[in-house]
Amino acid sequence: MKGRDYFKELRKEFRTAYNKELADTSSNRKPIAHITGFMPSEVFVAMDIIPFYPETYATMACAFRAADELCLAAEEAGISRDACAFSTVALGSMHTGKGPYGGVPKPDLLLSSAYTCGIHVPWWEVMEDFYKVPHFIMDGPVLAGAPTKQDIAFFVAETKKMISFLEEQTGKKLDMDRLKKCVELSGTASEYFADLIELRKNRPNPISTRQIVGDMYHITSLPGTEETTQFYKELYEDTLERVEKGLGVGYEEKFRLIWDNIPIWHDLDLIDYFEKQGMIFVYETYFTAYWAKKFMTDDIFESLALKYLTSWTNTRLPHKIKIMRDVVRDFQIDGVAVFENKGCRAYSTGQLDVAATLNDEFGTPYLAMTGNMADPGGHDAEGVRHKVDAFKELLESHAAAKTNA
Amino acid sequence: MISEFKKIYEQRADIANEWKKQNGKVVGCFNAMTPQEMIHAAGALPVLIQDVGMDITEARRYLPEFLCPTLKDCLAQAMDGKLSYIDGIIMSHLCEGMRGFYGVWEKNAGLSDPLLIQVPATSEESALTFYIEECRKLKRYLEELTGNQITDEALKKSIAIYNENRALINKLYELRKPSQNRIKGSEIVSVLNAGLIMPKEKHNEMLKKFIAEKTAEPVQETAEDSLTFYLISNELFEAETIMSTIEALGSTVVSDNLAYGLRYSMEPVAMNGDPMLSLADHYLNKIPCPGKFRSDVLVNKLTDSIKELKCNGAIWSVEKYCDPYIFEFPIFQQSMKENGIPLLKIEAEDVSNSGRLKTKIEAFAEMLS
Ligand code: SF4
Ligand code: SF4
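Protein sequences appear in the order of chains A and B. My numbering applies: residue 1 is where the first sequence begins, and numbers increase by one. My numbering applies: residue 1001 is where the second sequence begins, and numbers increase by one.
Please keep in mind that the hints were generated in silico from the structure rather than gathered at the bench. Where is the CB? At the ideal position from N, CA and C, for every residue including glycine. Honestly, I wouldn't trust all of these hints.
As the list claims (entries may be wrong) - Per label pair, the in silico range of CB-to-CB distance:
#1 B:K1286 to A:L268: 14 to 24 Å
#2 A:E76 to B:L1249: 46 to 56 Å
#3 B:K1310 to A:R65: 43 to 53 Å
#4 A:E76 to B:K1310: 49 to 59 Å
#5 B:P1199 to A:I323: 51 to 61 Å
#6 A:K173 to B:K1286: 49 to 59 Å
#7 A:T297 to B:Q1011: 28 to 38 Å
To be verified - Heads up, simulated DMTMM-like pairs for lysine to aspartate or glutamate below, C-alpha to C-alpha not over 20 Å straight-line:
#8 A:K132 to B:E1125
#9 B:K1337 to A:D129
#10 B:K1320 to A:E237
#11 A:K161 to B:E1125
#12 A:K132 to B:E1338
#13 B:K1345 to A:D272
#14 A:K8 to A:E340
#15 B:K1320 to A:D129
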């Protein structure tokens, strides 16, 4: 078994190399494109363009305790703190040059997507206004259910348009064989990730949310590389071994919970606070709906469409409820932590309905907490923890009632 | 005549129920990006569902606090049975609030399942092809709901009626210009509000009469210290409050960017060719909606209008938690700065507190005089 430190070290190496490339100022450096987390990054990898994600940068700023200052700076530049909190953090860095790793790097190109979240386009326009570099908008469908042929055709046409834009801007042609290889690698990495999530159906849960939050870095930054795929292969194998040995996350597993929404990046300790009390997270809507999934078909463009269109924010409520019903059964869920995230309206609207339905159908208790995923301003860490304590009591009384019944 | 328009809006439920008895179905729409001409061509009455100042406590059980008040208010109306006259609902997706709201509405509004129409963010060929398909989906939905076929002839006729409405609204805005000053901004809001829930033919008739009356009136003299403003607002209810406050202080709001004002009326739908294609092209390309249009284009248009009208200042008042406008603001602010146009930002809390609103506007006016 390789253990947590081994993967931590790999992540560190990966991040150092990635940041080194971003900081490269040599004449033959790779171009940098600021893209959203929902665009086919595999294309960028295949074209030797470094994809940079302002959203991921915002999570880093939270880890470095810089988010509050950056949100304030954004506010001074006219961006309301009611906006998507990843945007306020990243735009704060853009305006001030402050933040981890010397601030958000200057892009050569800007590319935004419109289908998974409508915030990206106007956010990128603010960047366009600032950096004065070309901005491509990738359009696509907002799903009304499972992706239809019409939806996929739209996404594929837009991906091809995006490729033409990149070829025009870089003066380089995309090598289709290389793209195919990248998509296949990406598909394999996501499959390992999905299989790893499946392993969490076991009791005890073999891998903690806290660890996966860190281990997402490869797949969210550079899917489609050998290194990323190898990382998830090893992580999967390691987790499987943990299952075989009956190892859990280090705390007693009294209750098994779902975390619904994006993590609170500036207060990840909250996860530990739950877990220390025996409330172990075994499922998150965040991982499975974006990266940990199986999307490969015979057609690489269709595969990309399936990967990028079927995100949680692009999933309709009845389908979310259906998925969550299965999760409650298959992962033997005792409770749901609903994080009503002021920083992301797209994710948060409808959450209460999902939780209430599970409560009606299975009696699964839920805890609703309001906060902000990336803007720490006004975060009531203590108040949230009091709620967690009360939730534990609720879970206990619920369990006792079930035993007595 | 303004009181007549106001009365119509207040009696919207009665009007809809009357329509149902006489004619058929009533179809609710959520925003200006819904091709209402199609609903009209299906023989149904399109009505806009908008913020009316409801108690939103019940709706809050299903919707987060940080969602725009408009959507919460709309759900509250439905849950309270205030929209029971509605037979069909169309939701055009144009903002992040709408994305999750669709499902919550479907589950809790207690009305028939809504149809979600996707509105692409761009307007090139792939987007247009996709949107035309969405319009076809809308056509099928309406035909099924009403039992009426939407023929090309019927659609052309409806487009002509709506185009006439657009031309009449353009005239209203002409009469409002400082050179004419025959109609106030707050009056226009009442006129627009009525048009959003009543049959368009009747609205056209009333508009013609109103315009004739106003044209016959002499040009209004303005006081020397009167100031002129341009209002950026996305909510009719709030816009009316702000405009009335400004007017009571002796100044005027000479134009605005209201979704159902000039933004809707500035361009007619093309009358030649396939009417469905004309409509799709119009809604995708010709309506400068912040949820779908590029911010720089919108800001340039707004800046040009403000300069052309020689406004003394611009006022920005946008619904809380409304993302399309949140991101447009810094670009607009920058443009106002570059063009030396004074700007006042009014927050939602100001609008709901009349004393605070008045003080804020007075202070702004004082700074400009
Ligand atoms: S609002 Fe949510 S989905 Fe949209 S960019 Fe922000 S975090 Fe992502
Ligand atoms: S455009 Fe703004 S006000 Fe309208 S529904 Fe969306 S968020 Fe609410």
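- Could you check the hint for me, namely that T297 of chain A and Q1011 of chain B are 28 to 38 Å apart, CB to CB? Given about 56 Å between the Cβ atoms, the range is violated.
- Given the hint that K1345 of chain B pairs with D272 of chain A, test it: the Cα-Cα distance must not exceed 20 Å. 42 Å, violated
- Task: Could you grab the alpha-carbon distance between K161 of chain A and E1125 of chain B and see if it respects the 20 Å cut-off?
- Result: 11 Å, holds
- Please test the hint of 49 to 59 Å on the beta carbon pair from K173 of chain A and K1286 of chain B. Since the Cβ atoms of K173 of chain A and K1286 of chain B sit about 36 Å apart, the hinted range of 49 to 59 Å is violated.
- Satisfaction of hint between E340 of chain A and K8 of chain A, Cα-Cα up to 20 Å: Judged against 20 Å, a Cα distance of about 30 Å means the pair is violated.
- Query: Is the hinted pair K1320 of chain B and E237 of chain A satisfied, with a Cα-Cα distance of at most 20 Å?
  - Reply: 48 Å, violated
- Query: P1199 of chain B and I323 of chain A, beta-carbon distance inside 51 to 61 Å?
  - Reply: 44 Å, violated
- Task: Could you grab the alpha-carbon distance between K132 of chain A and E1125 of chain B and see if it respects the 20 Å cut-off?
- Result: 26 Å, violated
- Item | K1286 of chain B versus L268 of chain A beta-carbon gap, inside 14 to 24 Å or not | 47 Å Cβ-Cβ, so the 14 to 24 Å window is violated.
- Going straight from one Cα to the other, do K132 of chain A and E1338 of chain B come out at no more than 20 Å? Holds. K132 of chain A to E1338 of chain B sits at ~17 Å (cutoff 20 Å).
- Hint consistency between K1337 of chain B and D129 of chain A [alpha-carbon to alpha-carbon, up to 20 Å]: Distance ~14 Å between K1337 of chain B and D129 of chain A Cα, so the pair holds.
- Message: Within 43 to 53 Å: is that where the Cβ-Cβ distance between K1310 of chain B and R65 of chain A falls?
- Response: Distance hint for K1310 of chain B, R65 of chain A holds at roughly 49 Å.
Hints 1, 2, 4, 5, 6, 7, 8, 10, 13, 14 and 15 from the list above are not met by this structure, while the remaining hints are.
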